[in-house]
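Given the sequences, and given the hints that come with them, work out the whole structure.
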Amino acid sequence: LRWKIAGAMAVVARLATVAVGVSGYRSTESRLFDEVDTALLTTAETVLRSELGNRVPERGVVDQYSVRRLNANGRVVASSFESEPDVDPRVVRSVTGSPTASAFHTATADDGERYRLLSVGLRAGSAEIGRSLDETDAVLQDLRRRTILLVVLVAIAAAAIGVIIADRVARPLRRLAATAEDVSATGRLDADLSDVEGRDEVGRLGGSFSSMLGALARSRDDQERLVQDAGHELRTPLTSLRTNLGVLRRHADMPEETRREILDDLDQEVGELTSLVNDLVAAASGSLDDERPIVVDLVGVARSTADRVGRRRQRAVDVRVEVAPATTVATPGAESETTAGSEPIIDVWTGRAGLERAVSNLIDNACKFDDSGGPIEVVVSSIVAPDGRPSASVRVLDRGPGLDAGEEQRIFDRFQRSEAPRQLPGS
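All the letters of the sequence shown, read from the start, carry residue numbers 1 to 427 under my numbering.
It should be emphasised that the hints constitute simulated quantities derived from the structure, not laboratory data.
Glycine included, every Cβ here is placed at the ideal spot set by N, Cα and C.
Where hints are given, some of them may not hold.
[Unchecked claim] Keeping only pairs whose Cα atoms sit at most 25 Å apart, straight-line, the calculated DMTMM-like set for lysine to aspartate or glutamate is:
no.: 1; residue 1: K368; residue 2: E201
no.: 2; residue 1: K368; residue 2: E272
no.: 3; residue 1: K368; residue 2: D318
no.: 4; residue 1: K4; residue 2: D34
no.: 5; residue 1: K4; residue 2: E82
no.: 6; residue 1: K368; residue 2: E224
no.: 7; residue 1: K368; residue 2: E256
no.: 8; residue 1: K4; residue 2: D267
no.: 9; residue 1: K4; residue 2: E269
no.: 10; residue 1: K368; residue 2: D200
no.: 11; residue 1: K368; residue 2: E269
no.: 12; residue 1: K4; residue 2: D222
no.: 13; residue 1: K4; residue 2: E224
no.: 14; residue 1: K368; residue 2: D265
no.: 15; residue 1: K368; residue 2: D404
no.: 16; residue 1: K4; residue 2: E45
no.: 17; residue 1: K368; residue 2: D222
no.: 18; residue 1: K368; residue 2: E356
[Said to hold, decoys possible] Quick list of simulated restraints, FRET-style, between CB atoms:
no.: 19; residue 1: E407; residue 2: R188; range: 50 to 60 Å
no.: 20; residue 1: V277; residue 2: N244; range: 35 to 45 Å
no.: 21; residue 1: S372; residue 2: A215; range: 31 to 41 Å
So, in structure tokens, the structure goes:
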């Protein structure tokens, strides 16, 4: 990235400098030729407009200017040029016989010297006054050298500046890349990226990367804590199973009533163990996420779930149904009915297994944490919102310890548990 930015800046600077140099060169060349043409016109007014016959002024008289006369065929009749420049027949024909006609053109002599020529028409042929372009060419050549040198220096300077800028831009990216490689190699998620964070795009990328590492670290900590909790919870029923099986094996002649109690205890422990394993698998795999929704009776689910949990927990669970006067449904096309002496029906559109697990979790937690001995209340409600849309809810009321301050924000995070009840069973 550094070299790409540096190369791009060098190319842009070089193109910009070349464009400016070419424009300046062309402008200077045009201005120099204009100056030469103006001087040729001035000299022509004083020298060529007079009738000189076949004679031409001596070179010393007109200083750096040379003069020659040509007949109608373009042949040189008289000349003060030290080295004759080439004759352009087209220019000669365009001005011959027309004293008011004139034309500028450039020609090269046999020795390679360039001349700027002004051809002026005469009654019998034409005359040309010329000036050497050696000085002009020397100025332009020096300008070309300076322009090329400037292009090279600007490109080098731009590349150097580009390297510096690119290094500053790429430094946090290299830091992020190194951190990602370190995380991949070591698995450590405690990297400090505070020096990368900022308000620009790269800084926001660093902040997002840091937040991602933090989320991964929290998730891994939660999963490790879940594994620790699961190990603790699994050991308890397994120990009880092993103990009871040992008792049965050692005391084959125990009374039938004692044997029945031990078997009931084994059955309860196996059920608890199965429930725990199912909870762990569901929590870890998210197996209920893809469940297809169907029309489910919310009251029926609440009652059956409450009965099942109550039997398992040996705890009274009171289910109360509250239905609005205008009973509505949660899905179009599935009507709810309430008749005298019948069970109210509140239909909702959802996955049945997920709904049962949600209600079961709430009731089971209430039974677990409410040590008051009173009944657990489950309230199923159906109401009509002001905009006419139906709404249903399940509320589980208990007299447990509640939540500590700040835990409300994380209570629905995956694998999250409060610190206080970690010694109790549950995932």
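The hints, checked one at a time:
{"no.": "1", "hint": "K368 <-> E201", "result": "49 Å, violated"}
{"no.": "2", "hint": "K368 <-> E272", "result": "13 Å, holds"}
{"no.": "3", "hint": "K368 <-> D318", "result": "16 Å, holds"}
{"no.": "4", "hint": "K4 <-> D34", "result": "45 Å, violated"}
{"no.": "5", "hint": "K4 <-> E82", "result": "57 Å, violated"}
{"no.": "6", "hint": "K368 <-> E224", "result": "23 Å, holds"}
{"no.": "7", "hint": "K368 <-> E256", "result": "32 Å, violated"}
{"no.": "8", "hint": "K4 <-> D267", "result": "71 Å, violated"}
{"no.": "9", "hint": "K4 <-> E269", "result": "67 Å, violated"}
{"no.": "10", "hint": "K368 <-> D200", "result": "50 Å, violated"}
{"no.": "11", "hint": "K368 <-> E269", "result": "16 Å, holds"}
{"no.": "12", "hint": "K4 <-> D222", "result": "43 Å, violated"}
{"no.": "13", "hint": "K4 <-> E224", "result": "44 Å, violated"}
{"no.": "14", "hint": "K368 <-> D265", "result": "19 Å, holds"}
{"no.": "15", "hint": "K368 <-> D404", "result": "17 Å, holds"}
{"no.": "16", "hint": "K4 <-> E45", "result": "61 Å, violated"}
{"no.": "17", "hint": "K368 <-> D222", "result": "22 Å, holds"}
{"no.": "18", "hint": "K368 <-> E356", "result": "18 Å, holds"}
{"no.": "19", "hint": "E407 <-> R188: 50 to 60 Å", "result": "28 Å, violated"}
{"no.": "20", "hint": "V277 <-> N244: 35 to 45 Å", "result": "19 Å, violated"}
{"no.": "21", "hint": "S372 <-> A215: 31 to 41 Å", "result": "38 Å, holds"}
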